[in-house]
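Chemist: Using the sequences and the hints given, assemble the complete structure.
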Amino acid sequence: FPMKPLFCLYCKVLSCTKAQRINQLVSDVQAAMNSTVMVTDEGTKTADASLQLAQGTANAFNSVSESVNSVFLNNQQIALSAKQQAVAVQQVISAMNAINLGSKETAQGMTQVKSSTDELKTVATNLMALI
Numbered sequence: 001f002p003m004k005p006l007f008c009l010y011c012k013v014l015s016c017t018k019a020q021r022i023n024q025l026v027s028d029v030q031a032a033m034n035s036t037v038m039v040t041d042e043g044t045k046t047a048d049a050s051l052q053l054a055q056g057t058a059n060a061f062n063s064v065s066e067s068v069n070s071v072f073l074n075n076q077q078i079a080l081s082a083k084q085q086a087v088a089v090q091q092v093i094s095a096m097n098a099i100n101l102g103s104k105e106t107a108q109g110m111t112q113v114k115s116s117t118d119e120l121k122t123v124a125t126n127l128m129a130l131i
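Residue numbers (UniProt numbering): 1 to 131.
Please keep in mind that the hints were generated in silico from the structure rather than gathered at the bench.
Glycine included, every Cβ here is placed at the ideal spot set by N, Cα and C.
Treat each hint with caution, since some may be false.
No more than 35 Å apart at the CA atoms, straight line, and that leaves these computed lysine-lysine pairs for DSBU-like [stated by the list, open to error]:
no.	residue 1	residue 2
1	K104	K114
2	K104	K83
3	K104	K121
The following label-pair restraints were derived from C-beta to C-beta distances [said to hold, decoys possible]:
no.	residue 1	residue 2	range
4	V29	N69	50 to 60 Å
5	S35	F72	53 to 63 Å
6	E105	I78	35 to 45 Å
7	S35	V68	44 to 54 Å
8	K114	Q91	26 to 36 Å
9	V113	A88	31 to 41 Å
10	S65	A98	41 to 51 Å
11	V37	A58	27 to 37 Å
12	N74	T111	53 to 63 Å
13	A58	I78	25 to 35 Å
14	Q84	A124	50 to 60 Å
15	I99	T125	35 to 45 Å
16	A124	N97	33 to 43 Å
Modeler: Next up, the structure:
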C-alpha cells in the first residue's frame, strides 16, 4: 500500500496543524483572560475611587446641611431676641408715658398749690389789714 505512508503523513500534518491551532486558541484564551483580569482590576480601582468620591461628596453635603441648620437656629435666636427687645422697648415707652403723666399731674398740683397759696396770702393780707 503506497497510499498508507501518504495518508500517515497527511494525518501527521493535519495533527500538527490542529495542535498549532489549539496552541494558538489557548494563547488567545490566556491573552483574553489576562486582559479581562487587567480590565477587572482597573474597574475595581475606578469603583473604589468613585466610592471615595461619593463619600467625600456626601460628607460635604452633610457639612453644608449642618451649616444651614446652624444658620437657621441662629436666625431663630436673633428673631426671638428682636421680639424680646421690642417688648422691652414697649415697656420702657409705657413707663415713660406713666412718668410723663405723673409729671403733668404734679405740675397741675403745684399750680393749684401756688394758686391756693396766693389766695391765702391775699386773705392773710386782708386779715392783717382788719386787725
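Chemist: Each hint should be assessed against the structure and marked as holding or not.
Modeler: Hint check:
1. K104 / K114: Roughly 15 Å separates the two Cα atoms, so the pair holds.
2. K104 / K83: 31 Å, holds
3. K104 / K121: 25 Å, holds
4. V29 / N69: 50 to 60 Å: For V29 and N69 the Cβ distance comes to about 58 Å; the hint holds.
5. S35 / F72: 53 to 63 Å: 54 Å Cβ-Cβ, so the 53 to 63 Å window holds.
6. E105 / I78: 35 to 45 Å: 41 Å, holds
7. S35 / V68: 44 to 54 Å: Since S35 and V68 have Cβ atoms about 48 Å apart, the given range 44 to 54 Å holds.
8. K114 / Q91: 26 to 36 Å: 35 Å, holds
9. V113 / A88: 31 to 41 Å: Given about 37 Å between the Cβ atoms, the range holds.
10. S65 / A98: 41 to 51 Å: 50 Å, holds
11. V37 / A58: 27 to 37 Å: This hint holds: roughly 31 Å between Cβ atoms.
12. N74 / T111: 53 to 63 Å: Holds, at about 55 Å.
13. A58 / I78: 25 to 35 Å: For I78 against A58, whose Cβ atoms are near 30 Å apart, the range 25 to 35 Å holds.
14. Q84 / A124: 50 to 60 Å: 58 Å, holds
15. I99 / T125: 35 to 45 Å: 38 Å, holds
16. A124 / N97: 33 to 43 Å: 40 Å, holds
This entry satisfies every hint, going by the numbered hints stated previously.
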